[in-house]
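Chemist: Chain by chain, the residues:
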Amino acid sequence: MSLWEYANPVKFIRTTDKVLPWISVLAVASLVIGLIWGFFFTPDDFRQGSTVKIIYLHVPSALMAINAWLMMLVASLIWIVRRHHVSALAARAAAPVGAVMTVIALATGALWGQPMWGTWWAWDPRLTSFLILFLFYLGYMALWEAIENDDTAADLTSILCLVGSVFALLSRYAVNFWNQGLHQGASLSLDKEENVADVFYFPLLVCIAGFVLLFIALVFLRTQTEIRARRTRALMARERMA
Amino acid sequence: MIALLTRDLRLAIRAGGGFGLGLAFFLIVTVLVPFGVGPETGLLTQIAPGILWIGALLACLLSLDRILALDWEDGSLDLLATAPLPMEGIVSIKALAHWITTGLPLVLAAPVLGVLLSLPPDGYLWVLVSLALGTPALSVIGTFGAALTVGLKRGGLLMSLLVLPLYVPTLIFGAEVARRGAEGLTVQTPLLLLAGISFGVIALLPFASAAVLRINLR
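Those sequence lines, one after another, are chains A and B.
Taking the numbering used here, the leading residue of the first sequence gets 1, the next gets one more, and so forth.
Taking the numbering used here, the leading residue of the second sequence gets 1001, the next gets one more, and so forth.
So that you can see chain B by itself, here it is in the shape it has in the complex:
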């Protein structure tokens, strides 16, 4: 499993494109928003947590079809399926690799981009915490979407349509934590709910992804 993880990470970093793409997209979204809505600090402060969350979510979405599609094309997914590793393990590792290459950089970049959006000082910690808790869920859900559409020629659009409604609860609670944190309110309830969704998804969804992948590889 660790070998698979290091292989995926190495591929993501060396093959180019995948690693920086999400981060660059995140940067573009957050830099463009002030041009779109105007430079007033008050307004930016108010929407900063939400923008950071949406930017992170879209950046995640952008890189989802790379999770399985490349391995599918060159046939290494078939080899992995015949390996002694359980399919659930494979999809979990794939999701983890996606999170390390896409989610983690987003989490780390968010406070820096928060400066551009004049995020209030209380907000940094909670934006960081909510993204750190929420992005793994985004990766795992995304892996499910990628597994559903892996065999399709142009599955990207379909995958976005499938994954979009699945992202809603995570986005709601994640953005709520960030917003409440930025406004100095108590964050306990949405934080617990976000953690609940995240851990629940990580624990259960790989089984669905594995089942779907098995059907697609049949």
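Just chain A, same shape as in the assembly:
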């Protein structure tokens, strides 16, 4: 029993078919619970009022925006090293999800920033690096779409993903250097004294769990779709040959 068994598309589809309903139900349940708990059963912040509740969408989506790229990075590495097609397809499947998460994080951030900082957008390091991350997602997806040969596209996009990760990190520190921002520091770290208060913390954790599960469910579903689409194309090609 090894992880690489799931590199077999049939095995992958069979297993994910079994898990997918559970994950989806769990994702929806924790999102509903987390959001309702967060929106209606937590007190308003004494300074930020009810706008603080944007946190339940903002933080999880921002977290997933970065982690989706990390997942794509790992999947790309696996494709380059071991050449499992499922891995390349999973990376491809994750990109639009990650891009949408980035947009959600940016949009909720703008909505939050308007009442709090008095501006929709500031060239704050985190905002800027998220914008850059969004550009990376766009470029990655566009490259996938542009190249016809599947294997070539997988190779090129995975190298782009590797190079892009290095540059994304570089940009992250470069923009830090370029402008000290409005954004608050980390407030969810496990090792810090001063974190978000518990009242907000627990529903936030539920929301984060919901977003993670949602991401996994979407990636599984999209990967399955990619595998099936490719199989259909292969079958049609075979039929034309016969």
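Treat the hints with care, since some could be wrong.
[Unchecked claim] Here are some, though not all, of the chain A residues that point toward chain B, as calculated from beta-carbon distances under 10 Å:
1. W117
2. Y140
3. L170
4. Y173
5. W178
[Said to hold, decoys possible] If you anchor each label on the Cβ, the simulated ranges turn out as follows:
6. A:R230 with B:F1199: 39 to 45 Å
7. A:L20 with B:L1217: 38 to 44 Å
8. B:E1183 with A:F41: 49 to 55 Å
Read the hints as simulated data drawn from the structure, not as lab findings.
By construction, the Cβ of each residue, glycine as well, lies at the ideal position given by its N, Cα and C atoms.
Got chain A; can you put chain B on it based on the hints?
Modeler: Just chain B now, kept in the frame of chain A:
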């Protein structure tokens, strides 16, 4: 390798279009900016380093798809790939040729255009130094972008989208060096970081470009 370099340079100069294009674009950007933002000297002085950097970057971007596309079309890239030269060497030489034909003229033209933007006297040296350090990185990163999109019909737009975020760190540190230099502040930290990025990119990115080109030529 030297033969390849001289061939590329000769082609760029004689075939026309490529050599002057970047320079002309740089000139257009810097001349048009005062019309856009108004002729006040104070404002121009303040934004001059940034404008020079952005102009240089866009001029670089404009000429990127010429690095490999022409060789791809007439098949000489396939011949080069079968030559005893390693692919890493080919892309490095291509980047070097691009820098000599596009980056170097930009670096040399920047002080002249700085006069038009009333760059403060302290700024000239640092604009020159930051561009001289930064433009090679732009060429090498651009070669990576060109290698990624070489097989595509209309790869220009896609290449700009791919290269744009990759240019951000270089632009930030380069423009920071120029700005600090123009304001008479100490430039050491951004200068070292810019040099770090530049040399790191020159040392490592050709391997990625070569890998990408090999995939595209497969």
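Chemist: Which earlier hints turn out false for this structure, listed by number in ascending order?
Modeler: Hint 1 alone not satisfied by this model.
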